[in-house]
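Here is what each chain is made of, one letter per residue.
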Amino acid sequence: MGSAPVSKQPIYLADTVQVATKILVAGHFGVGKTTYVGTLSEIDPLRTEEVMTASSVGYDDLVGLPDKKTTTVAMDFGRLTLSPRLVLYLFGAPGQERFRRLWQDLAYGALGALVLADTRNLAESFPVFDRVEEFGLPYGVAVNHFAGGRRFDEAEVRDALDLHQDTPLVTCDARDPQSSTIALIRLVEHLHERAVHQESFR
Amino acid sequence: MSGQDDSSLVRSYVITGGRAKPSRADIDVITLIKATPSNEPLHRLNREKRSIVELCRGGALMTVAEAAGYLNLSVALTKVLVADLVDEQLITTRTSPTSTPATDRTLLEEVLNGLRARL
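Top line first, the protein sequences correspond to chains A and B.
Going by the numbering used here, the first residue of the first sequence is number 1, and it counts up by one from there.
Going by the numbering used here, the first residue of the second sequence is number 1, and it counts up by one from there.
Simulated from the structure, these hints should not be mistaken for laboratory data.
C-beta atoms are modelled at their ideal positions from N, C-alpha and C, and glycine is treated no differently.
One or more of the hints may lead you astray.
Not the full set, but computed from the structure, chain B residues with beta-carbon under 10 Å of chain A [stated by the list, open to error]:
#1 Val29
#2 Pro37
#3 Pro41
#4 Ser51
#5 Ala60
#6 Glu66
#7 Ala67
#8 Leu73
#9 Val86
#10 Pro101
#11 Thr103
#12 Glu109
#13 Asn113
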């Protein structure tokens, strides 16, 4: 009896790494989550298949009842070593209601979420915001500017998505490392401001 | 909703002995893991657990999610197996996230510095 096959050559972390942290890259199907994670990750992004229920039945309730209908969802993630002791993971998170169980796992201990949006389909982002807010994650929004998509008016998008004035809103091209990194920086700057603000009220 | 999807659930059910939750609450998707320096033979372990230990041997450090990705297992299943391996002292963990990192100013500054250095 052998071992389970390894899909690709593992690229281990430096032994100096002491802290791992994570940010969710959330968005509806086809908005560019996989591309975004792949652009920023220092390793080939990894993919797992997570078992999901097709109904509102929880995963826990399904165990022991394997005849219940289930479906799987692919989850992509990547990693960025930020210092000899710190590594950041980016997890692509689908927004639909039925992926709540996966969100529970991903949201715990996450710094926050970057919501990717597409100005051609803003309404499709609404369930994503529902999830982010349900799990209490602070967030920023990055409009993935698809080639050929029209430039957007910031006030218009803020209004359409009902964003708080403090919520970061940026444009990025998920294929471009520079603008994708800046989107992440804007989110973390926002998280930092919140943390400073909260400290001053302690 | 193919039959294959259902069979993967059955497979998970068998591998974990029917458990959906890890035996320990401190195992997260980004918990850092490595194998303990043990020469204990692994033949008594099931195939999936043995693969996790082998992947993390020789001081090799990775997260639970990465182990899942390399071994084509789901993250949910891998959490259960890693928790067992920690109980069996074959895997050791370095750190797990706290529940409130978004208010950890020092951590956020470190993340910011690292991201800005990439521009």
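Status of the hints after comparison with the structure:
1. Evaluation of the valine 29 (chain B) hint against chain A yields a held restraint, the C-beta minimum of about 6 Å falling below 10 Å.
2. The beta carbon of proline 37 (chain B) comes no nearer than 13 Å to any beta carbon in chain A, farther than 10 Å, and the hint placing it at the interface is violated.
3. Hint status for proline 41 (chain B) relative to chain A: violated, with the closest Cβ pair at about 13 Å, above 10 Å.
4. A least Cβ separation of about 4 Å between serine 51 (chain B) and chain A falls short of the 10 Å threshold, and the interface hint therefore holds.
5. Look at alanine 60 (chain B): its Cβ gets to within about 4 Å of chain A, closer than 10 Å, so that hint holds up.
6. Proximity of glutamate 66 (chain B) to chain A holds as hinted, the smallest CB-CB distance being about 6 Å (cut-off 10 Å).
7. Annotation: alanine 67 (chain B) was flagged as interfacial toward chain A, and the flag holds, the nearest CB pair being 9 Å apart, inside 10 Å.
8. Taking 10 Å as the C-beta cut-off, the interface hint given for leucine 73 (chain B) holds, the closest approach to chain A being about 7 Å.
9. The interface hint given for valine 86 (chain B) is violated, since its Cβ lies 16 Å from the closest Cβ of chain A, which is over the 10 Å cut-off.
10. The restraint placing proline 101 (chain B) at the interface with chain A holds, with a minimum CB-CB distance near 5 Å, inside the 10 Å limit.
11. Proximity of threonine 103 (chain B) to chain A holds as hinted, the smallest CB-CB distance being about 5 Å (cut-off 10 Å).
12. Contact between glutamate 109 (chain B) and chain A, as hinted, is supported at the beta carbon level, the nearest pair being about 7 Å apart and thus within 10 Å.
13. For asparagine 113 (chain B), the shortest C-beta to C-beta distance to chain A is roughly 7 Å, which falls under 10 Å, so the interface hint holds.
In summary, the numbered hints that this structure violates are 2, 3 and 9.
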